[in-house]
Every structure is written in structure tokens, then in C-alpha cells.
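> The chain contents come next:
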Amino acid sequence: MTAPVRIVRGAAAALPAVAVVAFMVLFFAWPIAGVIARGFGGTSPAGLLGEVLGSGSHRSVIWFTAWQAAVSTAATVAVALPAAAAMARLRFRGQRLMRALATVPFVLPTVVVAAAFEGVFARFGLAGGDGVNLRHTVWAILAAHVFFNYAVVLRTVGAHWANLDARVEDQARVFGASRIAVFRRVVLPRLAPSVAAASAIVYLFSFTSFGVVLILGGPARATIETEIYRYAVVRLDLETAAALAVVQLAAVIALVAVSNALERRRATVEPASSPAAAPRRRGPGLIANLTVMALILGLPLAVLVERSFAAGRSGGYTIRNYTAMAERVSLLPDTALAALGNSLAFAFPAAALALLVGGAAALVVLRSDSRGALLGRAFDIGLTLPLGVSAVTIGLGFLLVLDRPPIDIRTSVIVVPIAHALVGIPFVVRTLVPMLRTVNPRAREAAAVLGAPPRRVRREVDLRVAARGVAVGAGFAFAVSLGEFGATSFIPRRPETLTAPLALFRLLGTPGEALRGQAMALAVALMALTAVAVFVMDLWGDTRRGAF
Amino acid sequence: MLTVSGARVAFGRVAALDGVDLEAATGEVVAILGPSGCGKSTLLRAVAGLQPLDGGEVRWDGEDLAGLPVHRRDFGLMFQEHALFSHRDVAANVAFGLRMQKIDASARRRRVAEVLALVGLAGFEPRQIATLSGGEAQRVALARSLAPEPRLLMLDEPLGSLDRPRRDELTEELRTLLRRLGVTVLHVTHDHDEAFAVADRVAVMQSGRIARIGSPADIWHDPRSEAVARFLGHANVVTVGNDGAVPWGRLSAPTGSAVLRADAFTRLDELPSSTGDAVTGNVADVRFRGDHYELILRTVPGNFALLARDPGAATVGETLSYSIDTTKLAPLEG
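Chains as they are written, first to last, in this note's numbering: chain A, 1 to 548; chain B, 1001 to 1334.
FYI, nobody ran anything at the bench for these hints, they're computed from the structure.
It cannot be assumed that every hint is accurate.
What follows is a list of derived Cβ distance ranges for each label pair [what the hints assert, rightly or not]: (1) A:P441 to B:D1168: 27 to 35 Å; (2) B:Q1128 to A:F183: 51 to 59 Å; (3) A:R459 to B:A1105: 38 to 46 Å; (4) B:G1019 to A:P441: 25 to 33 Å; (5) A:F183 to B:G1120: 45 to 53 Å; (6) A:A70 to B:P1126: 33 to 41 Å.
Partial pick of chain B residues on the chain A-facing surface, computed with a CB cut under 7 Å [said to hold, decoys possible]: (7) L1050; (8) L1053; (9) A1066; (10) H1071; (11) L1077; (12) F1079; (13) A1083; (14) H1087; (15) F1096; (16) G1097; (17) M1100; (18) W1220.
The beta-carbon is built from N, C-alpha and C at its ideal position, and this holds for glycine as well.
With the rest of the complex left out, here is chain A (with noise of 0.2 Å):
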């Protein structure tokens, strides 16, 4: 073989990791320096960001950012950590069924999650007037981090828990330790890489939550990312924002490298087999659970989809509610209608991109693991970055950067699938990338010794074992997609980017009987087509493995 050859096909097994790459510097890394710069700039260097540091206001924002985040993991995993026992040690018809709904949370779009949390309230007269207001309290962010989160601690630490060779529990019951020693000696210290990856999680998606605090917590109420939100588009001072936007950065930056450390030292722990299933006793601890489950997960839901047919004060039922969609109101540009179908015709095109640049990422992330440790590494982090770096600061990095060259494209449509699916590719990658590891390697090996050159390989071998994973993370890029609001939120707003979540943004916003039964109307329906989306997806592939 000559050196020419040798350089076109390195090249040729070189381009996904470019075309990755490329994409990722472009529209991510360079908005995202437009903020930092941004963040730095001013009279002094540093001195924008030491006025936002210094300041009083900004201060406590930050501190409130951080322990509301913190408060609401604890509860997650409080809430969450019985069921996952329940999905990982008991075995009952509808099961796999419950999984799967129990995950529609976690992918609903933040604003209808909020929506149903403000149903809630009104329905059971927690909104004000003469009783309890939860109405722009911590309360209501922290049920709606519970209620958002649930999905990912049930997942993440009941996968592992299935995992957990159930024989050794048994052998602890044998030698005569109690059913609780047996969970606090044998199945909490195996269970503790999970507990903490999944925390970490819960913790950064808590830190930077956008849609539920900025409508739950109110104006009362702000975090780090909120604030920054205001700054940029409500009060368009977008130093401050941008300040605000690199403290953020920080922030995430740490958090992301904790639990990248964390899930790294999870994967290392879950042990190769998976053992022969032991099914427990059922009973009270099962209901409870399901009872549990229902009451969180089911309860907002289900108000929700009431509040959706309510007729305002009058009392009764009507559809009034979903037939206003089709109606302009002064507020919006188009009917809600029409921004149900902007969401759904950017859904396609952003989870299709999603699904190329995270598919190409995950390539490159599983070749890096043979190779240099520290480049995975480098790319784990560049990528999951996204993840936890706000949609709300690549909003602002966008309406920094994106409108002079090289890139002149804020005012254009494509902008938003372009934003829709940063947010999505760290979803795919993580979807992908724990499927593509149960790839034997040996398998991989043995296609290659029956004749097969590499990329033939990755073809009949990866991508074959992939496949549930393309579909299940095509289905969270479309879910994100569609509930996108944070990055959505700082695009300007014309009737052909006015996407679904903006739309009942501004619905739940307005005073008015008449708009919020129609916001409610709007929330089903997203929640209807988010569902089905993932719901579909989920069914069909294997999620067992991976966190989320």
C-alpha cells in the first residue's frame, strides 16, 4: 500500500470527526465565545464581570440558582429511588409500560410541564386569593424539578439496580443480616455510582432550568439563567447578560466535568452479565410506589388535559378551548394552530441534524476510547457540554454572533432547527454511545477477519446493534425539538419562527380566562405530540441501558 492511499482513506475515516467538529465549533463554540467575550468586554476587563459579582442582587440570584438545584435533587432522588428499586427488582405485568410513561416527563417541553403545575394550582385554589398561594414560590419549582426529573434518577439508577446481581443480597440474607442492612451495607454501596451520576444530572438540568422557573418561580423568583434572559430581552442590556451568561458557563463547565467523572466511574462498576432475574414479593411496597408514581407523575397530567376542557368561570366542559387555536389573537403573531406546525416542521429537520452530527460524534467519542484517553475525554466534554450548558446561553451566543460574517443567518428560518438540534445532539450522543459499548469487540474483529474493511465493519456490525439507538435518540431530538424554549426564546420573533412553547409562553403570561384555557389547550397538544414521539420511539428500542 502507497503513502497517497494511506492519506486519503485516514482522511475519508477522518471526515466524520470534521464535519463534528466543524458543526460544533460554528455554531457552538464560536456564540459561546461571542458571550464570553461579550461577558468580558466593556471599559475593563473583568470589570463587567466583577460589577455582576459584586453586586448584592446578582449575588443572591446565584446562591438561589444553587441551592434550589441542590434541594431539588435531594428530593428527586428521595421520590425516585423506591420506584427504581420497584422497576429494578420486581417484576409485573405493564412494566415495561410504566417505564416508558414514566419517562413522557422528562421529555415534555419545560413550558408544559409549567402549564400543568399552574393548572394545578388554579384547579385546587393554590394560586392566591384567601388560601395557600404556590404560585411563584420555590414550591412550585421544586415539585416541577421532581416531577421533571423523576424519569432520569428511575432510569439511571434502576437500570443499574437490575444489574446488581441480586444473588449477592441473597448471600447477605443467608449469613443473617435484616432486610434494611441489606440495603444499607450490600445494595447502597454498589448502588452509589448511579446515585451520584444520576444526581449530578438532576443537579445541572435543576441549575439550569429555564422554561419552569421563569414561569412557576415568576418575577419573585429568578436563577442565574433566567436573569440572564431578562437582561438580554427584556431589558436589553446584554452585558449584564452576557456576564451573567459566563458565570453560568463556570458553573456548568464544573458540573459537567463532575458528572462526565461520575458516569465514567459508573460505567466502570456495571458489571459485564447482567444476572439471571430474581423476581421479589409484590404487595404493598409495589403499590405504594405505583401510588406514588401516579400522584407525581400522573396527577399534573391529568389536570392538565382537565384544565384544557374547563369553560372558564361559567363552570362545565367545552372544546372551546382547542377551537380558539385556530384563531389569531392580538398577542401572537399566527394562531396557535400555526405555531403547533412551525414546531412540528422544525422537529424534522432539527433531530434529523441531531441525529448526523450526534451519530458522527458518537463514532469519533467510541474511537477515541481505544485511543487517546484524553481526546474522549476532551470530546465527552465538548459534547455533553450543550447539555449543560443553557440553551439559554447559546440563545444569547446567537443573538451575539449570528448576524454578521461569518455567519449572517439570526434573521433566517434556519437558525432554529440549527439551535433546536445543539440541544438535541447531546441526547443522541448519550443515547448512542452506551449501545454502541455493548458492541462486542470481538465481533467487530471476527467481521474483519471474514473479509470485511473497516468501514464495512462499523456498518454491518455498529450500526446494526445501534439502530434501536438511533431511534430512541432520534426520538428525544425530535421531543426536544419540539419543546425547545430557552434557545427558541432569544430568536426574533416572526410569524415563521414562532414555534409551539413560545406561543404558550406568552398565552400563560397574559391575564384572561379565555388565553390561559387556550394555553392549556396548546400545552396538550404538545404534550400529545411529545409523547407520541418518544413514547413510540421508547417502545420500540431496547432502553434498558442508557440513562436517559
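Use these hints to put chain B onto chain A, whose structure you have.
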């Protein structure tokens, strides 16, 4: 014809292959026998091209294979754990190599059916991999390796995962099949019975080197080194001094250490003093071995393990004498 010369592979400071020389003539079955960790799998991987060499070379009919990537060597390798494609059915697994050779679908189907029949799995085409038993999976893996008619077939512990009866049965089948096909084979195993049953020649591998190579009978009768002798299961290593001096008397054998096969002993009815080609000792243990017994005889120089068709009246603690057939004594080198 396969020629491996001076093959070296190092993992960090550990040399997995430490200068391996090996030849396999066309149509020859060569077993590579050694304990786990001796480098035998690495040798196969190196020949297949999956493991780059740090030194030495692999040639086929004189052509150096260094620049030839795995998929173009036209070799077959059956992995220890079979490495079947679990997401495909049996037919697709077996047909994989044929597809890579761009053989058309109807010819492929014929060949798959043919090879499956050969390994005794006729009609297994639509079966899913997960539904196969260990023995069936092993045969499918073999059929998959055979289907593209590789010029060299490498089998890495092909019977490793099977229980004893299946193993013995399949060893026989494999032997017959390989003979019939006339394919060149490298067969890796840690079981000398399997190696002896299957191979024309056996290469005993130890610490990354070929310690001994020859026909099964050669190796068994003349292991040459104590390490090889012990690995094959020879327990009686004696040191012969000048004029055949041994601790219990004299032996008509050349000076140096030697291995005494278990069947070299014949029980004597009377108890003479331990002189000449005979030994007297206490029975330390009688071990049931199926069609024979192993008797452990404790003597002054140490224990002898000897083969007894019938332990007769031998009971533990009894004093017995045995004559030694010195034609069943093999001098060791070094």
C-alpha cells in the same frame, strides 16, 4: 504454507510472544497447546493481523503479510467465545464472509446450507443466535469460519465452553471434519487430549515461546523439557547420576534428568530390595481415574505416580515393589 519467524509482541514490559517460529504446511493441522496466558491467543491474533507484531514476520507461501490488513488475508478465525453476530440469524452469520466476497445470493444460500450440513446443523438457517445451545453456537461459529473457504483456519479454544461429553464428541467430529476438508489449521487449546486428538503436529507454548513441537506421540514420549513434561501431565521426573545411579539404586539409563511415564511400572509379586530397574515404596494414595487407577507410591527420593489397570489388593499404607521399563523413560534436556 504458513511461516511465522521470530514473532514478537510485547504488552508493556510483558512479552506475550517472545520470538515464535512456527510452520504449518498446506493441509496440516497444528495444535498450539499451552497454559492460559502463554501467548497462544496472541499468536493467532498476530497471524490474523489483529495484533501488530513488534518484531519478526508472518508469511504465507513466502509472501510477507505485514502490509496486508486483516480483512484481505483470507484467513478464518474462530474466537473462543464464538463472537457470533447476535443481531443476525444463523444463516446471516454463516453467510457474512460470503457476502464480503460478493458471492451472489443463490450461491450463498447453497453454500450456507452445505456448511451447516457439514457441521451437523442442517436446517438451522432461520434460528436466532440467542436460542442456540453452547454446542450449537460453537458449530455455527465453525460453519461461519469455514464458509468462505479460508486458506488458513484458526480455532481459538473452539471447544472451551463445552461440558466434557460434548467436548469429547465434538473433538472427534472436528478431527474428522478437518481431515476431510484438507484445510490448513492452527488449533489453540490448553487441553492436551484435545490437541493430541485433533492435530498432526502439536506445538507446546510456554511464556511466549514454542517450547516443543512435534507429532502428538513424539511430544508425549519425548517431551524434552521438564516444564513441557509437567504440562502434559507427566509426574515422574527423576535425576539419573553417573552409571545410572538413582537414590534407590541403579537404573539402566543415561545420566541426567529424565521423565518416567506412568505406564513404565509393573507390579512385582515379591518384595526385593530396591535395586536395579525396580522401586519399592508405600502406597500413599489410590486415585480412581475411570478406566484406570493412579497409584501414588511414596519412596525415598519422592513420590511416583503410576498407572494401574487394576489396583488389585493395593491399599493405602501397603508396601509394594514395581519394576521399571526403562524404554518408557525419556531423557530431558538441560
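> Now tell me if each hint is right for this structure.
Quick rundown of the hints versus the structure:
Checking the proposed 27 to 35 Å range against P441 (chain A) and D1168 (chain B) shows it holds: the Cβ atoms sit about 31 Å from each other. Separated by about 38 Å at the C-beta atoms, Q1128 (chain B) and F183 (chain A) break the suggested range of 51 to 59 Å. Judged by the Cβ atoms, the range 38 to 46 Å given for R459 (chain A) and A1105 (chain B) is violated: they are separated by roughly 18 Å. For the hinted restraint 25 to 33 Å between G1019 (chain B) and P441 (chain A), the CB-CB distance of approximately 27 Å keeps it satisfied.
For the hinted restraint 45 to 53 Å between F183 (chain A) and G1120 (chain B), the CB-CB distance of approximately 50 Å keeps it satisfied. Remark: the range hint 33 to 41 Å for A70 (chain A) to P1126 (chain B) is contradicted by a beta-carbon distance near 55 Å. This hint holds: L1050 (chain B) has a C-beta 5 Å from the nearest C-beta of chain A, less than the 7 Å allowed. Taken as an interface hint, L1053 (chain B) does not check out: its beta carbon lies about 17 Å from the nearest beta carbon of chain A, beyond 7 Å.
A distance limit of 7 Å between C-beta atoms decides the matter here; for A1066 (chain B) the minimum to chain A is near 10 Å, and the interface restraint is violated. Hint on H1071 (chain B) holds. Least Cβ distance to chain A is approximately 5 Å, under the 7 Å limit. The beta carbon of L1077 (chain B) comes within 4 Å of a beta carbon in chain A, closer than 7 Å, and the hint placing it at the interface holds. At its closest, the beta carbon of F1079 (chain B) sits 5 Å from a beta carbon of chain A; the interface hint therefore holds under the 7 Å criterion.
Because the closest C-beta pair between A1083 (chain B) and chain A is about 4 Å apart, less than 7 Å, the hint holds. With a cut of 7 Å, the hint placing H1087 (chain B) at the interface with chain A holds, because the nearest CB-to-CB distance is about 5 Å. Checking F1096 (chain B) against chain A: minimum C-beta separation of about 5 Å stays under 7 Å; hint holds. Here the hint on G1097 (chain B) is kept, as its CB sits about 4 Å from the closest CB of chain A, short of 7 Å.
Below 7 Å, beta-carbon pairs count as interface contacts, and M1100 (chain B) has one with chain A at about 3 Å; its hint therefore holds. Because the beta carbon of W1220 (chain B) sits about 32 Å from the nearest beta carbon in chain A, more than 7 Å, this interface hint is broken.
Hint compliance for this structure: hints 2, 3, 6, 8, 9 and 18 are broken, all remaining hints hold.
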